[in-house]
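Top to bottom, those sequences are chains A and B.
Each residue of the first sequence is one higher than the one before, starting from 1 at the first, in full-length UniProt numbering.
Each residue of the second sequence is one higher than the one before, starting from 1 at the first, in full-length UniProt numbering.
Keep in mind that the hints were calculated from the coordinates and are not lab data.
Take the hints with a grain of salt, since some may be wrong.
Put simply, identical chains are the same to the list, so a pair is met inside one copy or across any two.
[As the list claims (entries may be wrong)] Capping the alpha-carbon separation at 20 angstroms, the derived lysine to any residue pairs in SDA-like fashion look like this:
#, residue 1, residue 2
1, K200, A188
2, K200, G189
3, K200, S143
2 protein chains.
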Amino acid sequence: MNAIAEAVLRPSSSDVARQFDAAARAARAAAAALRDRTAEILAANEADVAGAPGLSAAYRDRLTLTPARIDAMARGLEEVAELPDPVGRTLAEWTRPNGLRIRRVAQPIGVIGMIFESRPNVTADAAALCLKSGNAVILRGGSESLRSAGAIHACLAEGLRAAGLPDAAVQVAPTADRAFVGAMLRAAGLVDLIIPRGGKGLVTRVLEEARVPVLAHAEGLCHTYIHAAADPAMARSILANAKMRRTGICGATETLLVDEAIAPSLLPLLVADLRALGCDFRADARARAICPDLPAAAEQDFATEWLDAVLSVAVVDGVGAALEHIRRHGSEHTEAIVTEDAAAAQEFLDGLASAVGMWNASTQFCDGGEFGFGAEIGIATGRMHARGPVGLEQLCTYRYQVFGTGQVRP
Amino acid sequence: MNAIAEAVLRPSSSDVARQFDAAARAARAAAAALRDRTAEILAANEADVAGAPGLSAAYRDRLTLTPARIDAMARGLEEVAELPDPVGRTLAEWTRPNGLRIRRVAQPIGVIGMIFESRPNVTADAAALCLKSGNAVILRGGSESLRSAGAIHACLAEGLRAAGLPDAAVQVAPTADRAFVGAMLRAAGLVDLIIPRGGKGLVTRVLEEARVPVLAHAEGLCHTYIHAAADPAMARSILANAKMRRTGICGATETLLVDEAIAPSLLPLLVADLRALGCDFRADARARAICPDLPAAAEQDFATEWLDAVLSVAVVDGVGAALEHIRRHGSEHTEAIVTEDAAAAQEFLDGLASAVGMWNASTQFCDGGEFGFGAEIGIATGRMHARGPVGLEQLCTYRYQVFGTGQVRP
Numbered sequence: 001m002n003a004i005a006e007a008v009l010r011p012s013s014s015d016v017a018r019q020f021d022a023a024a025r026a027a028r029a030a031a032a033a034l035r036d037r038t039a040e041i042l043a044a045n046e047a048d049v050a051g052a053p054g055l056s057a058a059y060r061d062r063l064t065l066t067p068a069r070i071d072a073m074a075r076g077l078e079e080v081a082e083l084p085d086p087v088g089r090t091l092a093e094w095t096r097p098n099g100l101r102i103r104r105v106a107q108p109i110g111v112i113g114m115i116f117e118s119r120p121n122v123t124a125d126a127a128a129l130c131l132k133s134g135n136a137v138i139l140r141g142g143s144e145s146l147r148s149a150g151a152i153h154a155c156l157a158e159g160l161r162a163a164g165l166p167d168a169a170v171q172v173a174p175t176a177d178r179a180f181v182g183a184m185l186r187a188a189g190l191v192d193l194i195i196p197r198g199g200k201g202l203v204t205r206v207l208e209e210a211r212v213p214v215l216a217h218a219e220g221l222c223h224t225y226i227h228a229a230a231d232p233a234m235a236r237s238i239l240a241n242a243k244m245r246r247t248g249i250c251g252a253t254e255t256l257l258v259d260e261a262i263a264p265s266l267l268p269l270l271v272a273d274l275r276a277l278g279c280d281f282r283a284d285a286r287a288r289a290i291c292p293d294l295p296a297a298a299e300q301d302f303a304t305e306w307l308d309a310v311l312s313v314a315v316v317d318g319v320g321a322a323l324e325h326i327r328r329h330g331s332e333h334t335e336a337i338v339t340e341d342a343a344a345a346q347e348f349l350d351g352l353a354s355a356v357g358m359w360n361a362s363t364q365f366c367d368g369g370e371f372g373f374g375a376e377i378g379i380a381t382g383r384m385h386a387r388g389p390v391g392l393e394q395l396c397t398y399r400y401q402v403f404g405t406g407q408v409r410p
Numbered sequence: 001m002n003a004i005a006e007a008v009l010r011p012s013s014s015d016v017a018r019q020f021d022a023a024a025r026a027a028r029a030a031a032a033a034l035r036d037r038t039a040e041i042l043a044a045n046e047a048d049v050a051g052a053p054g055l056s057a058a059y060r061d062r063l064t065l066t067p068a069r070i071d072a073m074a075r076g077l078e079e080v081a082e083l084p085d086p087v088g089r090t091l092a093e094w095t096r097p098n099g100l101r102i103r104r105v106a107q108p109i110g111v112i113g114m115i116f117e118s119r120p121n122v123t124a125d126a127a128a129l130c131l132k133s134g135n136a137v138i139l140r141g142g143s144e145s146l147r148s149a150g151a152i153h154a155c156l157a158e159g160l161r162a163a164g165l166p167d168a169a170v171q172v173a174p175t176a177d178r179a180f181v182g183a184m185l186r187a188a189g190l191v192d193l194i195i196p197r198g199g200k201g202l203v204t205r206v207l208e209e210a211r212v213p214v215l216a217h218a219e220g221l222c223h224t225y226i227h228a229a230a231d232p233a234m235a236r237s238i239l240a241n242a243k244m245r246r247t248g249i250c251g252a253t254e255t256l257l258v259d260e261a262i263a264p265s266l267l268p269l270l271v272a273d274l275r276a277l278g279c280d281f282r283a284d285a286r287a288r289a290i291c292p293d294l295p296a297a298a299e300q301d302f303a304t305e306w307l308d309a310v311l312s313v314a315v316v317d318g319v320g321a322a323l324e325h326i327r328r329h330g331s332e333h334t335e336a337i338v339t340e341d342a343a344a345a346q347e348f349l350d351g352l353a354s355a356v357g358m359w360n361a362s363t364q365f366c367d368g369g370e371f372g373f374g375a376e377i378g379i380a381t382g383r384m385h386a387r388g389p390v391g392l393e394q395l396c397t398y399r400y401q402v403f404g405t406g407q408v409r410p
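Given the sequences, and given the hints that come with them, work out the whole structure.
Below you can see the structure in the form of structure tokens.
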């Protein structure tokens with residue numbers, strides 16, 4: 001707690017929110033600094049990569065920066081700078097019979113604690129979104145990317161100074177000590193929101209320990225349901241994209257549900273498509289009755305977020321059975337139905353508890369950029385506050401402004 | 001956890017949400033049952049009151065039911081039955097350049113755990129709001145009102161049965177054991193939201209122990225600021241109402257801030273008005289320079305939620321100083337400014353971090369009924385999700401429905 005109390009100058013909403021021009025200027029200046037200091041950042045990143053020899057290839061890839069990745073970070077900052085300011089928007093307004101006018105207005109949440117794993121670029125992306133939404137942020141990246149994060153933060157700090165904003169608006173954790181994460185999670189009254197970005201282990205730990213609200217998803221166990229009335233060509237195109245476009249992201253489909261009415265004709269084609277893309281399968285008995293060469297699924301496979309080129313497959317009897325399967329095994333992240341039957345599609349969408357339901361589109365569209373939010377800081381599956389892609393707008397809470405003419409309450 | 005797991009049939013959003021007619025019928029039938037069983041409820045309540053002889057007069061008053069209070073409960077149920085259904089509302093809708101149509105739709109939060117102290121009528125009010133918003137609720141009242149809550153719950157259960165809804169939609173805690181509260185607070189995955197209603201001790205305990213999101217306010221340390229350009233008659237009327245209409249509610253003003261420019265002429269009148277209504281004072285040195293007979297305030301008095309006929313008084317130099325006082329001592333609940341100067345009013349409203357800011361109106365308007373929400377289940381001062389009065393609409397979260405024509409993500 002003391003480390004946090006000392007580290008954080010807790011800005012009031014008005015301190016930062018009134019300075020949106022400054023936030024945009026800071027983001028642009030930070031982008032310029034990233035480009036100017038590319039060599040310096042690459043050197044810091046090389047030291048990080050060299051200092052962590054035991055990493056898996058995938059982890060090493062996420063950790064490694066290149067000139068192109070640094071330029072992409074800079075462009076990200078510039079794009080966020082151009083987005084409309086979310087704070088101060090009127091979300092709703094109405095007048096009471098006694099003449100009181102009530103307005104619901106967006107305001108920043110306050111201080112956001114960002115806890116993430118290997119990707120050093122999160123430092124810049126998260127800082128830009130928090131700054132533009134009037135929030136202050138404390139960034140705590142993985143210990144293996146400390147030098148990279150430090151070099152990127154130096155550019156952000158340069159941007160803040162260029163725009164006359166306080167250094168406290170974007171801070172990196174002063175220590176790699178794991179106890180600092182624990183302190184952040186318990187810093188109620190100093191930190192208003194925790195956003196963890198990383199594997200299920202990190203997110204689960206954060207959800208269990210945090211005394212502060214958390215926006216997160218622990219898993220993206222997404223389903224694509226091919227309904228009896230699906231257009232076969234569309235189904236093949238959407239499934240291939242939903243599963244194989246990128247297998248490691250949370251919006252990737254992990255389980256295919258095929259309606260029994262269409263499975264005999266369509267499932268062999270879907271399997272052939274995906275196999276050609278390098279996908280493996282875990283299929284239930286009814287799917288194996290149609291495609292006998294599919295490996296058999298264990299019950300646990302339907303509760304597994306593969307994050308890899310593996311697809312669980314089950315044959316189901318109609319929308320109700322698809323919903324029941326999703327309710328039993330899903331993670332309330334994103335599910336899609338492919339069908340030409342509008343009534344079936346709406347029944348599916350209304351029956352889901354998930355944050356996002358898709359009709360005739362790939363589950364991989366669950367993304368702040370694809371939703372038109374400009375950028376995202378994460379994806380939330382909780383039932384409180386923001387759900388789905390979390391962008392600038394979702395980084396704001398609201399307050400009421402009430403306009404009277406002397407009303408007193410009877 | 002096991003007690004919760006056994007007690008709760010966790011309904012999916014669609015189970016309950018699709019049955020709004022049923023929810024309204026259940027509320028009406030429960031209201032009829034409350035009226036039919038008035039004698040039975042009064043007898044149970046008498047036993048509760050007799051069983052708790054050491055209570056303060058105020059606590060005993062909150063615990064005691066009368067035929068009029070039971071009828072008010074029944075009317076409350078009937079009023080909630082008539083409110084528009086909040087679930088399924090389209091909160092926002094837009095189309096992406098690739099043709100994807102995205103709709104943000106209101107849905108129930110899930111299972112709500114309601115923890116409250118003496119007032120047995122909360123049993124009926126909370127049940128009606130949760131039912132109508134498609135949520136299930138577990139009610140855990142104070143141990144001293146168990147018999148009353150049981151008798152009221154019997155009427156609610158009768159309403160559920162009459163409408164064909166599952167008993168699990170409205171449950172009372174099966175035990176007065178305090179450990180049950182602890183289990184509710186840790187029942188992540190079974191309980192989606194905790195709403196505590198009671199004193200600061202209860203709410204603070206809940207905020208500290210809960211592993212589940214909490215909607216709450218620990219204190220309502222509300223301020224009324226009389227600006228230099230206030231209309232004196234309006235200021236007197238608003239302050240008297242804001243402080244003395246009811247002193248024990250969270251929206252009651254606890255601190256008066258008077259601008260130095262108007263204090264010499266107005267403060268003596270404000271003091272005389274309130275004194276005539278039985279109010280006592282704790283004043284800073286600048287206020288006592290104008291009204292020397294006011295008792296001196298200690299610093300701690302400005303951080304005290306009196307919930308009584310006591311008013312802290314300070315003289316401040318302009319809007320900035322008023323905001324600074326509120327930031328240092330307030331609880332981000334409700335603050336009011338009285339002024340004829342629109343620019344000063346907007347500066348005050350924009351500078352607040354509080355959930356509700358009022359211009360030329362009494363702080364006691366911070367109430368779901370007064371906001372036009374039909375009813376309220378509580379008032380929230382957190383920065384996440386709902387803030388201010390929490391009614392039907394705020395008992396919903398949202399999800400996205402995305403309508404495609406076969407889009408796949410590039």
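Hint check results:
1. K200 to A188: between (23 angstroms within a copy, 16 angstroms between copies)
2. K200 to G189: between (27 angstroms within a copy, 16 angstroms between copies)
3. K200 to S143: within (18 angstroms within a copy, 40 angstroms between copies)
The earlier numbered hints are all upheld by this structure, with none contradicted.
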